[in-house]
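A.B. asks: Sequence:
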Amino acid sequence: MQTRELTEFPNVVEMYEFHKERTGCGDVAAAILSLAEVIRRTPADLASSIENGLDAVSSFSVRLSGDPLWDASSRTEAPRQMPAPTPAVSNGTIHEVKPSASTVSTTTNGAKTSGKPNRVRTRTDRNHTGLQVLEDFMPAEERKRLAEFLESTGFHINEKHNGQELLTLVVHYVSRMRKTACTHSHIHTVLKKMGVATPSDLGARLRDVGRRLGYINASNGQDVQLTMKGENWVDIELPKRMAEPKEPGKK
119 MQTRELTEFP NVVEMYEFHK ERTGCGDVAA AILSLAEVIR RTPADLASSI ENGLDAVSSF
179 SVRLSGDPLW DASSRTEAPR QMPAPTPAVS NGTIHEVKPS ASTVSTTTNG AKTSGKPNRV
239 RTRTDRNHTG LQVLEDFMPA EERKRLAEFL ESTGFHINEK HNGQELLTLV VHYVSRMRKT
299 ACTHSHIHTV LKKMGVATPS DLGARLRDVG RRLGYINASN GQDVQLTMKG ENWVDIELPK
359 RMAEPKEPGK K
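Residue numbers for the sequence shown follow this note's numbering, so the first one is 119 and each next one is one higher.
Note that these hints are calculated values from the structure, not bench results. Do not rely on the hints blindly, as some may be mistaken.
Simulated pairs of lysine-lysine, DSS-like, Cα-Cα distance not exceeding 25 Å [stated by the list, open to error]:
1. K262 / K311
2. K297 / K310
3. K347 / K297
4. K358 / K310
5. K262 / K297
6. K358 / K347
7. K297 / K311
Ranges between beta-carbon positions, derived for each pair [said to hold, decoys possible]:
8. A315 / G339: 14 to 24 Å
9. A322 / I354: 23 to 33 Å
10. L331 / F267: 17 to 27 Å
11. D326 / E355: 14 to 24 Å
12. P363 / D254: 10 to 20 Å
13. Q343 / A265: 35 to 45 Å
14. S318 / M360: 15 to 25 Å
15. Q250 / P357: 10 to 20 Å
16. A258 / S337: 28 to 38 Å
17. S337 / T316: 12 to 22 Å
18. G332 / E253: 26 to 36 Å
19. F267 / Q343: 15 to 25 Å
Treat the numbers as computed from the prediction; the structure is a model and nothing was measured. Here a beta-carbon is modelled for each residue, glycine too, at the ideal position from N, C-alpha and C.
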């Protein structure tokens, strides 16, 4: 094995050339020079051990000089890779944080903006049902008939009335007296001919009557129906209430 003491080299350049020629790799030679510098600054007892290790490294490099990985002429620098994104830790679970392409975009002037479209919130009338006045449904004779029916139940058009009970009577009039599928437009038409304002949230009002009183089933806006409880109220309870003696001062 070819070896030379460090003191045999007159200068660092010659030492570098020697090891470069011997190992076939300039990087290894440079590493040996670095170790040699350490040896010069190390106490004699430790320097001997380091020098022996240095010679072993040099010899090992010679054996690997035929490997392309150690051949300086055949090595190419590997392409640089971007560092991996830093994972985020939450509740003991590691979540990889990745930028979303849909959230960041670049404008023509280079400024970064959000890629998500701006949502324009508009307030709409959720209870709008496209109500129509059905003129043919309420001719003059039917308006008179409706007024007589309401009079018989104790409801006077020009007086304050119970809105929930009035809606129940309107559904009764349309579905039972007129034998027609009761829609919101039918109810709107009857109320208009009575001179009573139609609630802007008619659908919600009808469902509220069904939930609170149980008189009607308003789940289908195209066919609002009177329930059995509602029929009993119109046919039995209302006549009883009309027959009861009224307190003085009340009509």
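A.B. asks: Each hint should be assessed against the structure and marked as holding or not.
C.D. replies: Okay, the hints, checked on the actual structure:
no.: 1; hint: K262 / K311; verdict: 10 Å, holds
no.: 2; hint: K297 / K310; verdict: 20 Å, holds
no.: 3; hint: K347 / K297; verdict: 19 Å, holds
no.: 4; hint: K358 / K310; verdict: 29 Å, violated
no.: 5; hint: K262 / K297; verdict: 17 Å, holds
no.: 6; hint: K358 / K347; verdict: 15 Å, holds
no.: 7; hint: K297 / K311; verdict: 19 Å, holds
no.: 8; hint: A315 / G339: 14 to 24 Å; verdict: 19 Å, holds
no.: 9; hint: A322 / I354: 23 to 33 Å; verdict: 28 Å, holds
no.: 10; hint: L331 / F267: 17 to 27 Å; verdict: 19 Å, holds
no.: 11; hint: D326 / E355: 14 to 24 Å; verdict: 20 Å, holds
no.: 12; hint: P363 / D254: 10 to 20 Å; verdict: 42 Å, violated
no.: 13; hint: Q343 / A265: 35 to 45 Å; verdict: 24 Å, violated
no.: 14; hint: S318 / M360: 15 to 25 Å; verdict: 32 Å, violated
no.: 15; hint: Q250 / P357: 10 to 20 Å; verdict: 34 Å, violated
no.: 16; hint: A258 / S337: 28 to 38 Å; verdict: 34 Å, holds
no.: 17; hint: S337 / T316: 12 to 22 Å; verdict: 20 Å, holds
no.: 18; hint: G332 / E253: 26 to 36 Å; verdict: 33 Å, holds
no.: 19; hint: F267 / Q343: 15 to 25 Å; verdict: 18 Å, holds
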